[in-house]
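Chain residues, written in single-letter form:
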Amino acid sequence: MRARLNLDPSQVRRARDLAARAGQPIVEIARTHTTVSVERAVLRLAGLRGADANGMPWVNHVVDAVRAAVGLEHGVALPAWHALVTQGHESLAALAAAAAHGTVAFRLPVGEDAAAARSAASAALVGGIARIDANRVRRDRLIAETADPPTPWIYLIVATGDIYEDIPQAQAAAREGADVIAVIRSTGQSLLDYVPEGATREGFAGTYATQENFALMRAALDKTSRELGRYVRLTNYASGLCMPEIAALAGLERLDMMLNDCMYGIIFRDINPRRTFIDQRFSRQVHARAGIIINTGEDNYLTTADAIDAAHTVVVSQLLNEYFGKEAGLTDGQLGLGHAFEINPAVPDSFLYELAHAQLVRELFPDAPLKYMPPTKHMTGNVFAGYLLDAFFNLCGVMTDQSILLIGMMTEGIHTPFLSDRDLALENVRYVRDAAGRLGESFVPAPGGFIERRAGQVLEESLALLRRICDDGLLNAIADGTFGITRRPADGGRGLDGVIMRADDYFNPASDILERRERAGSADPASRPASPVGADR
Amino acid sequence: MTGAFVRPYGDTTGDGRVQVSFTLPLPFGTQSEKALAEGAAMQLAAKMGLDPAMVVHAKGMGPDFTFFVVYGRVSHLVDLSQVIVAEREFPLLSPAEVNLRIRTGLGRKLVVVGACIGTDAHTVGIDAILNVKGHAGEKGLEYYREVRVVNLGSQVAVPDLVARARAESADAVLVSQVVTQRDAHIDGARKVAAAFDAAGPPRPVLVVGGPRFDPSMAASLGVDKVFGRGTTPGEVASYLAHVLASDASGSSRVPAGTRETTGEP
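Protein chains in written order, with the numbering used here: chain A, 1 to 537; chain B, 1001 to 1265.
Certain hints may be false.
Unchecked claim - Some but not every residue of chain A turned toward chain B, in silico, with C-beta under 10 Å:
#, residue
1, Leu419
2, Gln457
3, Thr486
No lab work stands behind these hints, which were simulated from the structure alone. In this text, a Cβ means the ideal position worked out from N, Cα and C, and glycines have one as well.
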């Protein structure tokens, strides 16, 4: 990565310090609270899967029963494993089925009973985390056996609602050149307080994220990766009310990237802010361990706010996402910070603004696998103009060394892309990459010129906003509509009833392992970069 | 040609020239495959009324598909006297226009209370209309600065909905019904209408929506408006602005100023 903007390093440092200051009280909330979904994720990591005849997962039954009996402030693990080891259930699933029938008396064990429950729970979680570790090794081996594609990675979406239709579409997209396949979730899954179970064949404008769907798609893409001689990555969404559980399933089924933003659910789905921040910390600890690259959602702000006026809110959110991500153990190579090409093309110098913003983000986060999103807001239905705009997006992407390009469709906002729309979009990006892939090395904005000045201005505005957030508190800033021009009060939104303050004896065997390994230092695999992203820049 | 008839215009009046593109599930590999695919495209163009037609571009996409760009002359005439203009009882407005209309017509924020009622846990529909995230490329009603949204979520009891609508001084109540077993959506809508009627004035504008509703059923259900499959947030917002924030002369059902503006900064 070449520095092109002559940024003031002390300003950049100050911005990071301010982001850390703004984020610390939030981390404190996350360290002292748990949520129903975090507790369910613990059970999922211990291997509990399946659901009752109505599709309600066993993990929900156990957590609800424990909560009703002894509360969740001590964590689900102590009462659950105490019941498991003392009441003769042959498995967690058997315990869950009994709990669903109301025939388990959950108690909070003390003394030797507590020690026995702790040790049984820890052993179960060691096994679950070992599976995540093994997946990470397997990913590395598959990449070594095939090849890691050069950046920018081409990111394509499938979304039929039927996993068995998604699979051939994803394989076809990979053959056409996609490096990353994202399976869009069914509309509104983020608001379900449970994860559906099994392979699913119907969804609303997307396909449900389930453990079985994850496994089916990963197996299919492994086959395609071998066929193509390059590793095809799989992406899904660790967001919404079940963020920690989806993160756990991603680790267990070897997904490679996950949408996982610290504020997206708050702003766009009206999920309670505290719930979101607590859930995202645990999710990111799992992602860190699993070698998963997260993708953050700053591009979304620009679909509601103006892309020039709100450019600094993107940078501020990226700095916050970076702080929260690193605090949870993610490395630079796992921080797929998001941004987007959403400036109104009618604005004079719009492309220069885009270059300035994209380059600023590149320089602020030189080792992050940035995810750059194509225009959506100003795609008008004039498909010919849209195709041109997508070409400029691609050009900006290669000139500023973006790492992951979501491929723009000229029919954006009209319909689910036709096969031909996707083919034309790939032709567009291939042309730009072949024609101008090395333009970056000669792209040197004039010192003191428009691009340099604009980048400096956005950084200044970011600093000002960060100072304000530090003064007011991040939760108040969110309540005031700072991000995505949407006001979200700290006690509003969905899912607050699933937030529980931890007691002094709170026990979470998954967090214990994840946090211990984080602190273990540089010899540990979790602190290695997730992938060679950035190595070829 | 008289003014009552028109043809497409390429570069000369009346030349009838158009451009289309499409994909056929045919391979485009060998010479014979290419010939077959182009012939198939020509046949389709002829059946679409393009005569003469010219395949200017054909490209294989993967092993099984071919993409075509075709130019041709259509022989059809458009008879302007036979053009049917879809009548909509309200104009479709952009978010900025909706906001402006509410500001000038209502003079305060328009309050919308939304819910899925009864046992229906499918909030997909109501969330697609209300959440900022929106639907079909349009932002939901929360995005509108002049609309205050109270989304009660799923499984809301009808009496609770009525009470909350009253407490919030709702201008409009949106009810989504996805579950349709034994016509649950019809029953649900009727119950809502009856409950608001029983509660007495001022009755908010009642809007129900869901994929199985027929938009012509509003009167028989006792509600003001029914939205069916494929409704976008912009249509709902435009409708609400139309009925609640018309000009002061007003067909507005709930005249501005009958209630105190409360709460929202």
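Hint-by-hint comparison with the structure:
Below 10 Å, beta-carbon pairs count as interface contacts, and Leu419 of chain A has one with chain B at about 6 Å; its hint therefore holds. Violation of the interface hint for Gln457 of chain A is found here, the shortest Cβ-Cβ separation to chain B being roughly 26 Å, above the 10 Å cut-off. At a threshold of 10 Å, the smallest CB-CB gap from Thr486 of chain A to chain B is about 5 Å, leaving the interface hint in force.
In summary, the one numbered hint that this structure violates is 2.
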